[in-house]
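J.: With chain A's structure known, arrange chain B on it following the hints.
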Amino acid sequence: MLKEILSVKDISKRFNDILALDGISFIVSSDEIVGLLGPNGAGKSTTINILLGLLKPDRGEFWVDSLSMHNDREEVLQRMNFFAHYAPLPGNLTVFQNLYIFSIVYGIRNKLEVIDTLLRQFDLEKYRNTKTGLLSSGEQTRLGLAKAMLNSPKLLLLDEPTASLDPSRAKEIRGVIKSFVRENRCGVLWTSHNMYEVEDVCDRVIFLFRGRILIEGNPKDLLYRWEKSNLEELFISLVNEPIYFKGEL
Amino acid sequence: MNLVRSWAIVLRQLYLMRCNYSRVISIFIWVFVDILLWGFLTKYLITLTHKGINFTSLILGAVLLWDFFSRIMHGITMAFFEDVWARNFINLFSTPITVGEYLLGLILSSTLIGSFAFTIMLLVAMIIFGFSFLAYGITIIPFLLILLIFGISLGIISVSLVLRLGPSAEWIIWPIPAILSPFVGVFYPISVLPTWLQILSKSLPPSYVFEALRSILFYKVFSIGDLLVGGVLVLIYLGSSSAIFLRTFNYCIRRGILYKFNAENIT
Chain A
63 MLKEILSVKD ISKRFNDILA LDGISFIVSS DEIVGLLGPN GAGKSTTINI LLGLLKPDRG
123 EFWVDSLSMH NDREEVLQRM NFFAHYAPLP GNLTVFQNLY IFSIVYGIRN KLEVIDTLLR
183 QFDLEKYRNT KTGLLSSGEQ TRLGLAKAML NSPKLLLLDE PTASLDPSRA KEIRGVIKSF
243 VRENRCGVLW TSHNMYEVED VCDRVIFLFR GRILIEGNPK DLLYRWEKSN LEELFISLVN
303 EPIYFKGEL
Chain B
136 MNLVRSWAIV LRQLYLMRCN YSRVISIFIW VFVDILLWGF LTKYLITLTH KGINFTSLIL
196 GAVLLWDFFS RIMHGITMAF FEDVWARNFI NLFSTPITVG EYLLGLILSS TLIGSFAFTI
256 MLLVAMIIFG FSFLAYGITI IPFLLILLIF GISLGIISVS LVLRLGPSAE WIIWPIPAIL
316 SPFVGVFYPI SVLPTWLQIL SKSLPPSYVF EALRSILFYK VFSIGDLLVG GVLVLIYLGS
376 SSAIFLRTFN YCIRRGILYK FNAENIT
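Here the protein sequences come in this chain order: A and B. If you read the first sequence in my numbering, its first letter stands for residue 63, the second for the next number, and so on. If you read the second sequence in my numbering, its first letter stands for residue 136, the second for the next number, and so on.
Derived by calculation from the structure, the hints in this document are not laboratory data. Note that CB positions come from ideal geometry on N, CA and C, so glycine has one too. All the pointers check out, no bait thrown in.
Partner residues aside, some chain A positions facing chain B, computed with beta carbon under 7 Å:
| id | residue |
| --- | --- |
| 1 | Asn111 |
| 2 | Leu117 |
| 3 | Gln140 |
| 4 | Ala149 |
| 5 | Gln159 |
| 6 | Ile163 |
| 7 | Val167 |
Cross-link-like lysine to aspartate or glutamate pairs, in silico, DMTMM-like; alpha carbons within 25 Å at most:
| id | chain 1 | residue 1 | chain 2 | residue 2 |
| --- | --- | --- | --- | --- |
| 8 | A | Lys118 | B | Asp218 |
| 9 | A | Lys173 | B | Asp218 |
| 10 | B | Lys395 | A | Asp120 |
| 11 | A | Lys193 | B | Glu217 |
| 12 | B | Lys395 | A | Glu123 |
| 13 | B | Lys395 | A | Asp79 |
The shape of chain A in the complex, shown without the other chains (with noise of 0.2 Å):
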C-alpha cells in the first residue's frame, strides 16, 4: 500500500505582475517517482524553492509526511533532502567534510559509517580529500546526490540530477537513485527537460504550464490518451497548443 509522502494543496505564488503558481495540488506517495515537467518560467523551480522552505507561498500548504512545513519546519526538512544542478556544495571544503558538516546538521548518528557507504555507492572514495571544487561536473553531481541521500530522506527533491552527466553515468546514476526509492520507499519529485529520462524513471508526470498543471498521470496513459510517441512529442505540442489541453483542467 502506497502511503502519502508529499501533499500539496492549492499553493500559489505571484511575483509582482507575474503570477508564478496559481493553485497548484498533487501528491507523491511513497515509492513513487513523480516527474514534475513543464518549459522554463513554467513555476518548476519556484514549486521545488517553495517545498525546500525557501520561498513563502502567498496561499496554500503542503505536508511532508502529514507534518505542515507551517508548523513543523525543522521535521519537516529532516525528512527532505534535495539535489540542484545548480547548487554545488562548497568547493573550498573537501568532500569528505562537505558531507560530515551536513551530517551534523541532519542529526546522523552514525556518520563515518554512512559517509564510507554513500562514497562507496557514488564512486567518490578516491576522492574523500579532494576539495570539491576541484571536481568535474560528473563527480560533483555524484557528490551532490550522496548529500541528497545522508538523511535516508522520506522525500527527496531532484532539479534536473543528471543534467551535468555523460549518458553511461547518467544510466548509472538514474541506476542509483531507483534503488535507492525501492529500498527506503522513499517519494521523488524529479524535474528534467530529458524526456527519455523522464519515461525511464518517473511513474507519474505532472505537466506545469504557467502556473498550472495542465495534464497529469502514468507517462504511458498520457501518450496513449493523446496519441503520441513519446513524451517529447507530447512536450513540445503541450507548450505550442495549451489550449488544446485546457479540458483537462
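T.: The following block gives chain B in isolation, referenced to the frame of chain A:
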C-alpha cells in the same frame, strides 16, 4: 535551538582555516602592523613627555581592543560571505537548521577566532613593547564583553544589509569600524569632540568602554555608570540588530531572494 547544528557552521569555518593558511595569516597581519606602528609611536611619545603617563597601555590597549571589536564584526560578515560566494544558501536552508542556529554559528565562529587572535596579539604586544593588561585590572572583562556584543550587533546588521542590498553591499560593510572610530574616542576622550558629535558618541557603546578604561588608567577609578550605560545600550543594539536580521530574512523568503542569492541585481 539545536546547538549541534550551530556547531556545524563553526566547524565549517575551522575547516576553511585548516584548508588555507592565508586565512590564518590574514587574521594577524593587520593588527600586527598596527601594534608595531602604534607601539613604536608610543615609545617615541614616552621620550617626549613627562613620566607618569602610561602611553603603552593607553594606546596599545586601545588598538588591541578596537581590533577585537572589528574582528568580531568582520568575522561574522566574512563567515556569512563564505556562504554567499559558495552559493550555499539553498543547501543550508533546505536542511532543518533554523536561521537562529545559523546566526549563532556565525557568532560562535567569529568569537572563537577573534578571541584566539586577540590572545596572540596580546602576547605579541607584551613581548615586544612590555604591554600588560594588568594595568586595567580584572575590571576590563565586562568592558571587553560590551565590545564583543557590539561587534556581534554590527556583524548582524552588516549581514542584514548584504541580504537586503545584495553582495555588492560589501563595500559599505568593511569600513564601518574605521568610520566609527573617530566618534567613540578610541584614542582620546570624547570631550574633545564638538558638542553635536558628542551626542552621536554617547549613542555608541564603545564610547563608554574607552572612557571607562582611561578613567581606570589615569585616576584608578572604575566607572560603574559607564559600565551600566554601555551595557544597557549594547543590549539594545543586540536586540535591534537581531530583529532587523529576522525581518530581512523573512523578506528574502517572501520575495524569493534567498535561493537566487548570488545575483548582483538584488534589490
